[in-house]
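Residue strings, one per chain:
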Amino acid sequence: MTDATTVLGPDEIRRALTRIAYEIIESGHGADDVLLLGIPHRGVPLAERLARSICEAEGKDRGPAEIQGQLDITLFRDDLRAHPTREPQRTVIPRGGVDGRTVVLVDDVLYSGRTIRAALDALAAIGRPAAVRLAVLVDRGHRELPIRADHVGKNLPTSRSERVSVHLTETDGEDAVRIVRPAGASGGGAR
Amino acid sequence: MKHFISIADLSRAEAISVLDTAEHMAETQSRSIRKLPTLVGTTVVNLFMEDSTRTRISFEAAAKRLSADVINFSAKGSSLSKGESLKDTALTLQAMGADAVVVRSSSSGAAHLLAHAGWIDQPIVNAGDGAHEHPTQAMLDAFTLRRHLVGEDRLGADLAGRRIVIVGDVLHSRVARSNVLLLTLLGAEVTLVAPPALVPVGADIWPCEVLYDLDDALAAQPDAVMMLRVQRERMIGGGFFPTPGEYSRRFALTTDRAARLPEHTIVLHPGPMNRGFEIAGDVADGRRSVITEQVANGVSVRMAVLYHLLASTSEET
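Chains as they are written, first to last, in my numbering: chain A, 1 to 191; chain B, 1001 to 1317.
Hints were generated in silico from the structure; no laboratory data involved. Idealized CB from N, CA, C, for every residue including glycine. Any given hint could be a false lead.
To be verified - Okay, the calculated bits of chain B under chain A, using three or more residues with CB under 8 Å as the criterion:
1) 1022-1033
2) 1036-1043
3) 1304-1313
Said to hold, decoys possible - Calculated lysine to any residue pairs in the SDA-like style (CA-CA distance at most 25 Å, straight line):
4) 1035/B x 117/A
5) 1064/B x 182/A
6) 1064/B x 80/A
7) 1064/B x 83/A
8) 1002/B x 83/A
9) 1035/B x 89/A
10) 154/A x 42/A
11) 1002/B x 92/A
12) 1064/B x 154/A
13) 1002/B x 129/A
14) 1087/B x 1097/B
15) 1035/B x 173/A
16) 154/A x 173/A
17) 1035/B x 77/A
18) 1064/B x 79/A
19) 1002/B x 117/A
20) 1035/B x 154/A
21) 1035/B x 40/A
22) 1064/B x 1012/B
23) 1035/B x 80/A
24) 1064/B x 90/A
25) 1035/B x 100/A
26) 1064/B x 42/A
27) 1064/B x 120/A
28) 1064/B x 127/A
29) 1035/B x 41/A
30) 1002/B x 1186/B
31) 1064/B x 86/A
32) 1035/B x 84/A
33) 1035/B x 159/A
34) 1035/B x 129/A
35) 1064/B x 84/A
To be verified - Pairwise CB distance ranges (calculated):
36) 1041/B x 14/A: 40 to 50 Å
37) 1009/B x 171/A: 28 to 38 Å
38) 12/A x 1037/B: 33 to 43 Å
39) 15/A x 1014/B: 16 to 26 Å
40) 1097/B x 78/A: 17 to 27 Å
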């Protein structure tokens, strides 16, 4: 048996993403030079939502499709030989490329930081952005590399034995962030 | 997947997974920096006991684009008997620290022997063994066919209902055998066309139709025509067809025959070509031809195969 606690519901997720969209705009990068790159799988719908919010707020001619894409990191991971074969995903860079733009990497959960390390390498193989920033829905701590997020939906202190499960409407049919505790660990049995 | 030896070992899902990975590999090859760090620190040995230019170079390029180290090992000229030679070679490669061995041999079953004799633990990739199989060639042909015949929505797709005609020296062709297995696994309808003497014994139980008249096969409006090289160096003693002229008249893809094909039909050839013999020069260079594209796709497909064998845990799953 596992024990799951919902920490963010649909409204909290929407508010967190709206706030991040405004943060990105206010940090000086309007819809003109910003490029949101989602990391598959769940970073991709998050990047799409942020791109829509930014375009709505800015009221520019540019559509969300022009400021958003996706960046696959599979071929740049450092742990491939520790897992069964991972199927690479698509990388989609919109017209104009990454050169000279402010790229915001978007992912659902920031944990060890290894995914972002791989993403920086993957990005360098594509071009040379003016700056790279990081937006995540949840930062759960336990970093193994000197990496931090510029925009965080929610800081979520967790233990390593817990699992953070992010569900999004686009991929899972609902918006929710839950902490899942394994059976026997913390609280559950100890009444 | 532990080894990549025969299409017969593959499931439909595995075949599609390799094709999809190859699509992603191809996408990385259009970037400004084409080298990927994926296999850094691994060593791939190319063990080529039979002449080959494009397959060896293609495997070498694929391994290097994934940052693997490549050792080219030519066992040509060895006077040792076949079994002993292969065993000693395998022990040498094991001792040298190879992480995977790509093997080409004129003996059918060489790759299988290397994989299962217990001499070497590493993944083995068959780069062509005698008249048996050439599975990476079939994968690149399927990849090329899927790109042209399925189009945009090809990720995850198979070749269901596509009609493919394979023409020529089926008897000596490991490419034909691997292609019949793979294309039918992917749902395509395959027709072999050859003079009776160039159809191998037992082809009647292959999952395809066998015809002896090229014009009949082309009249059925296939989606793709794959021409095979007539392997005259293997036709010791002759007698497979009366004269080269007779063969060309009946089985070559001439300008006239190509002109009668449907608009969308593509033409493939695994190379090297005998221009003017099994395929007319202007057909090989014409708008239907995807022959040079096959070579480029070969690198992406071999990257995908190396990725599936080397970029995962070696424990069986």
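Each hint, compared with the structure:
no., hint, in the structure
1, 1022-1033, "holds (count 7)"
2, 1036-1043, "holds (count 3)"
3, 1304-1313, "holds (count 6)"
4, 1035/B x 117/A, "holds (17 Å)"
5, 1064/B x 182/A, "violated (43 Å)"
6, 1064/B x 80/A, "holds (18 Å)"
7, 1064/B x 83/A, "holds (23 Å)"
8, 1002/B x 83/A, "holds (14 Å)"
9, 1035/B x 89/A, "holds (17 Å)"
10, 154/A x 42/A, "holds (16 Å)"
11, 1002/B x 92/A, "violated (31 Å)"
12, 1064/B x 154/A, "violated (42 Å)"
13, 1002/B x 129/A, "violated (39 Å)"
14, 1087/B x 1097/B, "holds (16 Å)"
15, 1035/B x 173/A, "violated (37 Å)"
16, 154/A x 173/A, "holds (21 Å)"
17, 1035/B x 77/A, "holds (14 Å)"
18, 1064/B x 79/A, "holds (20 Å)"
19, 1002/B x 117/A, "violated (29 Å)"
20, 1035/B x 154/A, "violated (36 Å)"
21, 1035/B x 40/A, "holds (21 Å)"
22, 1064/B x 1012/B, "violated (28 Å)"
23, 1035/B x 80/A, "holds (17 Å)"
24, 1064/B x 90/A, "holds (22 Å)"
25, 1035/B x 100/A, "holds (22 Å)"
26, 1064/B x 42/A, "violated (31 Å)"
27, 1064/B x 120/A, "holds (21 Å)"
28, 1064/B x 127/A, "holds (21 Å)"
29, 1035/B x 41/A, "holds (24 Å)"
30, 1002/B x 1186/B, "holds (21 Å)"
31, 1064/B x 86/A, "holds (20 Å)"
32, 1035/B x 84/A, "holds (23 Å)"
33, 1035/B x 159/A, "violated (38 Å)"
34, 1035/B x 129/A, "holds (19 Å)"
35, 1064/B x 84/A, "holds (22 Å)"
36, 1041/B x 14/A: 40 to 50 Å, "holds (44 Å)"
37, 1009/B x 171/A: 28 to 38 Å, "holds (33 Å)"
38, 12/A x 1037/B: 33 to 43 Å, "holds (38 Å)"
39, 15/A x 1014/B: 16 to 26 Å, "violated (44 Å)"
40, 1097/B x 78/A: 17 to 27 Å, "holds (21 Å)"
In the structure shown, a violation is registered for the earlier hints numbered 5, 11, 12, 13, 15, 19, 20, 22, 26, 33, 39, in ascending order.
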